[in-house]
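There are 2 protein chains.
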Amino acid sequence: MEPLFSFQIEHEDTSTSARAATFTTAHGKIKTPVFMPVGTKATVKGLTPCDLREIGAQIILANTYHLEMRPGSSLIAQMGGLQTWERWDKPILTDSGGFQVFSLEEHMRIEDDKVRFRAVDYDGAWIEWTPQKNMEIAQNLGSDICMQLDICCGYPAPYEKVKRSMELSATWAEQCFAAHTRPDQALFGIVQGGMDLDLRRESIRRLQEVGDFFGYGIGGYSVGEPHETMFETLTPLLEQYMPKDKPRYLMGVGNPATLVRAVGKGVDMFDCVLPTRTARMGSAFTSEGRIKLKHARFALDKTVLDPACGCPVCKAGFSRSYLHHLVKSKEMLGAILLSKHNLYYLLSLMNRAREAILQDRYEAFQKSFLSSREGRFDF
Amino acid sequence: MEPLFSFQIEHEDTSTSARAATFTTAHGKIKTPVFMPVGTKATVKGLTPCDLREIGAQIILANTYHLEMRPGSSLIAQMGGLQTWERWDKPILTDSGGFQVFSLEEHMRIEDDKVRFRAVDYDGAWIEWTPQKNMEIAQNLGSDICMQLDICCGYPAPYEKVKRSMELSATWAEQCFAAHTRPDQALFGIVQGGMDLDLRRESIRRLQEVGDFFGYGIGGYSVGEPHETMFETLTPLLEQYMPKDKPRYLMGVGNPATLVRAVGKGVDMFDCVLPTRTARMGSAFTSEGRIKLKHARFALDKTVLDPACGCPVCKAGFSRSYLHHLVKSKEMLGAILLSKHNLYYLLSLMNRAREAILQDRYEAFQKSFLSSREGRFDF
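Residue numbers (the numbering used here), protein chains in the order written: chain A, 1498 to 1876; chain B, 1498 to 1876.
Think of the hints as simulated: they come from the structure by calculation, not from any bench.
The model shown is predicted, which means the values in this text are computed figures rather than measured ones.
Do not take every clue at face value.
Which copy? The list can't say, so a pair holds if one copy fits it or any two copies do.
What the hints assert, rightly or not - Listed below are the simulated SDA-like cross-link pairs for lysine to any residue, each with C-alpha atoms no more than 25 Å apart in a straight line:
no. : residue 1 : residue 2
1   : Lys1825   : Leu1855
2   : Lys1741   : Leu1694
3   : Lys1799   : Thr1726
4   : Lys1827   : Val1770
5   : Lys1542   : Lys1791
6   : Lys1825   : Arg1777
7   : Lys1791   : Met1566
In isolation and in its complexed conformation, chain A is listed as follows (with noise of 0.2 Å):
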C-alpha cells in the first residue's frame, strides 16, 4: 500500500538551496513552494471555497485555538471533520495555537507542562492549554497537517526567555509526538530559537531525537525583528542543519520579497494573514509594490490593479477608481476583491518561483524580482 504522505523533491536549483517538490496528503497533493491562505476560525475571510479554487489555492490554513474557543473541535468532529464543514475538500494545515498564545503575553503563565492564559477574545475566562488538549483538537479537527504546541518569542528577548521556550518547545514537542497517533494526519516540529543560531540548532537536534516527524515548522520569526537579521540565522539553519529531505514550513511571513529570498534558502512552505488582512484595510499586492487604494489620487485612475495580473479581479476589469470607491464607502467587496486579488498574487509568484526551480533559473528569478522592488522588502 502506498503511504498516505510522501514528499517527493522533484528538483534542486543549482545555484540557491530552492527546491520545488510535491507533497501528498490524504487530500490531495500540494506543489512547492506553496503559500497557504490562512482561514482562522474554518473561513478564508471574504472567500468562499469556490473562489480558493478558482486562484489557485491548494492548501489553507485553520486555528486549533480559535475552533476550540468557538464552535468546539467536537463539534466539529461530529459535523465529519473541518474539509466536510467548511466545504475544503483539498487539505488544510491547522496551526497549534501557539502564536496567539505569545499575542496574549500579559494574559498567560507558561508552565512546564502547559500554558494558561485568558481567552481574552471569547468569554475571558481562564484556560489550561496542554500538548495532548492540542493534539486532541487537531486529531477531531482532522487536519491533514497539524502542528506541536509551541512557545513564540517576541524580539528582542532576553537569551534566558528564547533559551527556555526552544526547550520547552522541544519538550512539548516530544509529548505531541507521543500523543499524535491518527494515520491520515502529518504532525510537524516546530524549530524555536529566536536570532540564536545555536538555540536554532539545539532546537532542530532535539526535534530529531524525539522522533521522525512528517516536517518541521520553522517559528519565531516574523516577530518586528529586521529583515536581515531574520536571514542571517535562518540561511545557515536551512542550508546547514534541517534535514534536506523534509518539508519547511516558514510561518507567518508573507510579504512577497521575503518569500522570494526565502524560497531561494530552501523554504517550502508559507502562510500569513497579511494579503487578506491589508486587503481589508485597502492595500493591493502589485508588481510594482503595495499600493493603497484609499488614496485619492486612484479616484479617476482606470487602470486595473496591476495590469500585469491575471487574477479574476484584474482579468474582470475592475478599475482602481471603482475599488477606491468600494474601499471609501467600506463596502464588503472592496475586501472581498482585494483579498482575492492579493492571494492570487501570492499564489502565482510561489508558481512562478516554482516554475524557475523547475528549469533551474531561479538564481535569476530571484534577482530580477529582487531588483524590481529596489531592495525593499517591506512591500
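Chain A is already provided as a structure; the job is to place chain B on it using the hints.
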C-alpha cells in the same frame, strides 16, 4: 430601426391579474415578473457581478443620491458610466433618492420646486435637490431605467400631508419629464397617494397628463402599514386605474409572500434591501419561512439552508451548522453566503411565478405558496 425600449406582454393569466412580459432595454432583455437586487452604492453588498449572474439576476438597482454624494455622478460618467465602472453589463435601474430623503425626515424641508436636506451619512451639509438635478445625475450615471424625483409619506400620515406629497410628486414628474433627454434611458413616473385610493387615482391621472412615461413606479407602500391595508388600495389601483400596457414597479417590497400576491394583482417589478440586509443580520429565506441562523438549535444541524433550494450555497452543501458558526463569529463569509442564498430565493421565486403565468396556472401557484405560509406575510 427597432426602438431601444419595448415592453411586450407575453401572457395574461386568466384567473388572476398576473402577467408575464419581456422588457427590452439597451443592455438586454428582462423577463418579468422580476425581482431586482439593490446595489445602492454601485455594489450589491457582498456579491460580485459574477455571483449575480450565477444566481440569475437580470437587472440591479443603484441609488442616485448616494452615488452623487460619493463619488459623484460626473466622476462615474468620466469612467464610462455605471455599467462599465461596476462591471455589470446587464440593465441597471437608478432610483431617485426620494426614499432616502423621506428617511431623513427631521433633517429635511420640502419646498415647491425642491427638497432641502442634510446629508447626515456624509459630511452633514445641507443639500438642495431639484427634479432637474435628479435627472442630470441619472443621465450622468447612464442607467437603463431612471425614476422621477418623488415624495414618499410614512404611515399613518395626515390626509393633507399625503395629498401635498402626491401633488408635489406630480409637479416634479412634469419637471423630470421635461429635463430628461437621454434616449437610451427610460424614465418612470411614480404613483403616490398613500393609502387613499382617490389620491392614488388622481396621481396616476396627473402622471398620464404629463406625458408618455415608459413605465410607472408605485411608491409610498411598505412604509409601516399592515399588509392588508396596502392591498386595499393597491389592488384597485393596479386592476382598474393603471394602464395595462406599461411596466408596473412596486418599490421597496421584498418579502416573499407579498411578492407572490402582488404579482397576482399585476405587478411586474420589485426591489428591496430585505434579502441582503436580513442576510447580514443572519437570517435566511427558506421554503418554510425565514430562519435565524444564530439560534443555538442550528449549531449541530447538518442540513443545508433549504433542501428544496438550488442556489450555489445549498448546492455546495454548506450546512446550517457551519453558517451558524459564521454568523456567530461575525465572519464576512456568513453575510456573503446568506446574501447569495436569499437573493437566489427571490429571483427563482419570480422565475417560478413567471412559469406559472405562462402556463396559465398562477392562481394555483399563488394558493399553494401562500398556504405553505399559513397566511403569514411577515416572513
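Structure-based check of all given hints:
Neither within a single protomer nor between protomers do Lys1825 and Leu1855 lie at most 25 Å apart by alpha-carbon distance, with minima of 43 Å and 45 Å respectively. Taking identical chains as interchangeable, the C-alpha atoms of Lys1741 and Leu1694 lie at most 25 Å apart only when both belong to the same chain, with a minimum of 18 Å there against 83 Å between chains. For the homomeric pair Lys1799 and Thr1726, neither the shortest alpha-carbon distance inside one copy (40 Å) nor that between copies (49 Å) is at most 25 Å. For the identical chains of this complex, Lys1827 and Val1770 are neighbours both inside a copy (20 Å) and across copies (17 Å), given an alpha-carbon limit of 25 Å.
In the homo-oligomer, the alpha carbons of Lys1542 and Lys1791 lie at most 25 Å apart both inside one protomer (20 Å) and across protomers (19 Å), since each shortest distance falls under that limit. Taking the closest pair of Cα atoms, Lys1825 and Arg1777 come within 25 Å of each other both inside a single copy (12 Å) and across two copies (20 Å). In this assembly of identical chains, the alpha carbons of Lys1791 and Met1566 lie at most 25 Å apart only when taken from different copies (16 Å versus 35 Å within one copy).
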